[in-house]
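Those sequence lines, one after another, are chains A and B. Using our numbering, you'd call the opening residue of the first sequence number 74 and step up by one each time. Using our numbering, you'd call the opening residue of the second sequence number 3 and step up by one each time.
One or more hints might be untrue.
[To be verified] If you anchor each label on the Cβ, the simulated ranges turn out as follows:
(1) A/Ala239 to B/Thr178: 27 to 37 Å
(2) B/Asp92 to A/Ser75: 36 to 46 Å
(3) A/Asp196 to B/Gln282: 26 to 36 Å
(4) A/Gly102 to B/Pro71: 48 to 58 Å
(5) A/Glu293 to B/Gln282: 53 to 63 Å
Just so you know, these hints were derived from the structure itself, not from any lab. Where a beta carbon is used, it is the ideal one built from N, C-alpha and C, also for glycine.
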Amino acid sequence: MSLLLAHDLVAGYADFQALFGVDVTIEEGETVAIIGANGAGKTTLLRTICGLLRSRRPTDIRFGGTPIGALEPEQIIELGIAMVPEGRRPFPSLNVADNLRMGAYCGRKGPWTLQRVFSLFPDLAEKHSAMPPTLSGGQQQMLAIGRALMANPKLLLCDELSLGLAPIIIRDIYGAMPGIRAEGTTILIIEQDIQRALRASDRVYCMQKGRMTLQGRPVELTRDEIKLAYFGV
Amino acid sequence: MYWINTIVQGALVGGLYALFATGLSLMFGVMRIINLAHGDFIVLSAYLAVVVMDLIGVNPLVALAVVAPAMFGIGYLLQRGLLNFTLGDDILRPLLVTFGLSVVIENVLLEVFSADSRRLQLPWLETSSIQLGDRLAIGLMPATVFVVAVVVIGAIEFLLRWTALGRAFRATADDTDTARLYGVNNRNIYALATAIALAVVSIAGVLFGIRTIFDPTIGPARLLYAFEVVIIGGLGSLWGTLAGGIILGVAQALGAAFDPSWDTLAGHLVFLAVLLFRPQGLIPKTFDL
Numbered sequence: 074m075s076l077l078l079a080h081d082l083v084a085g086y087a088d089f090q091a092l093f094g095v096d097v098t099i100e101e102g103e104t105v106a107i108i109g110a111n112g113a114g115k116t117t118l119l120r121t122i123c124g125l126l127r128s129r130r131p132t133d134i135r136f137g138g139t140p141i142g143a144l145e146p147e148q149i150i151e152l153g154i155a156m157v158p159e160g161r162r163p164f165p166s167l168n169v170a171d172n173l174r175m176g177a178y179c180g181r182k183g184p185w186t187l188q189r190v191f192s193l194f195p196d197l198a199e200k201h202s203a204m205p206p207t208l209s210g211g212q213q214q215m216l217a218i219g220r221a222l223m224a225n226p227k228l229l230l231c232d233e234l235s236l237g238l239a240p241i242i243i244r245d246i247y248g249a250m251p252g253i254r255a256e257g258t259t260i261l262i263i264e265q266d267i268q269r270a271l272r273a274s275d276r277v278y279c280m281q282k283g284r285m286t287l288q289g290r291p292v293e294l295t296r297d298e299i300k301l302a303y304f305g306v
Numbered sequence: 003m004y005w006i007n008t009i010v011q012g013a014l015v016g017g018l019y020a021l022f023a024t025g026l027s028l029m030f031g032v033m034r035i036i037n038l039a040h041g042d043f044i045v046l047s048a049y050l051a052v053v054v055m056d057l058i059g060v061n062p063l064v065a066l067a068v069v070a071p072a073m074f075g076i077g078y079l080l081q082r083g084l085l086n087f088t089l090g091d092d093i094l095r096p097l098l099v100t101f102g103l104s105v106v107i108e109n110v111l112l113e114v115f116s117a118d119s120r121r122l123q124l125p126w127l128e129t130s131s132i133q134l135g136d137r138l139a140i141g142l143m144p145a146t147v148f149v150v151a152v153v154v155i156g157a158i159e160f161l162l163r164w165t166a167l168g169r170a171f172r173a174t175a176d177d178t179d180t181a182r183l184y185g186v187n188n189r190n191i192y193a194l195a196t197a198i199a200l201a202v203v204s205i206a207g208v209l210f211g212i213r214t215i216f217d218p219t220i221g222p223a224r225l226l227y228a229f230e231v232v233i234i235g236g237l238g239s240l241w242g243t244l245a246g247g248i249i250l251g252v253a254q255a256l257g258a259a260f261d262p263s264w265d266t267l268a269g270h271l272v273f274l275a276v277l278l279f280r281p282q283g284l285i286p287k288t289f290d291l
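Next comes chain B alone, as it looks inside the complex:
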């Protein structure tokens, strides 16, 4: 029972990791940009939630209703005003620019909010749990995070598969010039992809901030998790991303059950094993390449 409990808790955490990874996967899928500032945007949205909560005194989930559209807007403007100019044959340019962005965001957050750890308080959600059988209980918070991850990923899959905008995303990823021939404004499509990616990031960031403490410097570690999840799951497959998140979460939980200092290490080992034995990821791509 102890092991089942560990695996279930790990899988639920995996939902959060999948949310971390979804935006990264979307931006890479549509534009071939690896956004090195991805983790810092997670932290930025958690701090934006802090600001909104302080200003209008609401709980974190209500704050998200303000933060998500704000991050959507930031993503759109970021892509239109900056990242679109880095696209081209040289893949180093977006890497360098987003790396710089990562440093800038982290230091601005340090300047404004100091290095103190913060947390988004939502006591009833954190402490409630659902009893499943005698010795298995799952927290309401991890369960909520997992359900949100499934819903968000399902929504984005629906968008990509069944809407005109989704077709335009896939067509642009396939062949930008030909997509433009049929009326796709690629600069706008890119901006919308980043906007959606950062809106998802904001959901991940706020849920993360409710779950655990954060400070301005923890972004790069979240980027690493997100990156591992994308690779484990398979580039360009969002359901694969969910599976990758679950695998990383379970690996970390099992590692931690074995020895508390092993949780991150166990995750990295699984990631390395996937790179070695199945570099294309678990589930092959669905919408690009």
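Here chain A stands alone, though its shape is the one from the complex:
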């Protein structure tokens, strides 16, 4: 059974539909990337999976076989889906360690503890009592990933990890991915940087205007196929 199965997923905002029948399958242990231009619906898809948006039918999304389309975000994290939100969104009035502890609020047990996160991101250990607004963009991204790991998720959703970061920082952030995969965590990444996405993932989906336009293993996809799926020209 697939870990995550979205079938004919329809979702959107109050007066605006963003997803028009999206199909996504993620197997346990995979790293899957979703690429697509701005406004393709990538973030909407993640927000729907983690419960911030409702799908049209509860059964549009299943996690480990359970329909989760009608659940609240605080119920979905208890099942083991944790999100690294777009824009990082640290809690500004909590210091670094307290931000990480918030990730463990749901009480899921597993390999990730404060110590493990600090050894994955030594920068955070050094800044454990700093307030998030004083961190660099890269450190804030590490904080956001660390906070999600503290929930010991089965599925980690990462929204635009590289957005607004310098290339060398992006390399560091992606350098942490193998350590996360090694714990058996399944990862779904949204990425605008196509090369980065192809290198980091086992499988790639391409989205355009609220639909999946391409799906496959990075080695099997040609440049032209991706260009067509990405831009629709």
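Got chain A sorted already, so can you dock chain B onto it with the hints?
Here is chain B on its own, set in the frame of chain A:
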């Protein structure tokens, strides 16, 4: 010596004002709700103490052991059953609903208890005093109120800073959606914030009722004091709230020493001065915004 005495008495009264303000500050900090019925909840808890004292014949402090959990429960249900539905982008909705609540509570109290003034009798505490030097004595009652205020505010600060629940309060105040992503049930957190706020209100209400006479209509004036204390101290800082209470108390005491009709006015003037010259309050925020 006369002036020192006046200032000390004013500062001790400030403890009561800080207790008035703590619940208001907590609800605003976590939910951005300004509870206009806050003063009426102070009066309501004093009347609940009257009922408990009549029913089981205990003194007001023992009655508080019943009233505080009752107000905690009322606060939880009030938030879950009513105020949660007023939250959203429109800040007018909670204002209007709590204003309505204020009117309802006041009139129900009038209906049930009449407009007669009441007082919670606790003679030994009211009349005892501690002698400090030749000409300075502080009443046991004001001193108790002050100590209670410090302990209550310290306890809430501890809760906010060092417990998982406190982190959830602060995280929810910062960013509700992201807090929910990590498993915080915001509706429950809001209800707990109001529950704690009203439990503190009940302590303030009972101590207030021991200190002075009350009737069903005095709620809005207590709300005004609480509001002034929060602004003077700085929004979202509970130690600032204590400092704000002391400043308001001292201002009123000095005003009254100058001319007995000036006590409230002097407090309002200090409040206006703070709004003019230091609108962010004396101590910057600690747990929100």
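### Task
Please flag the earlier hints that this structure goes against, numbers listed from lowest up.
none
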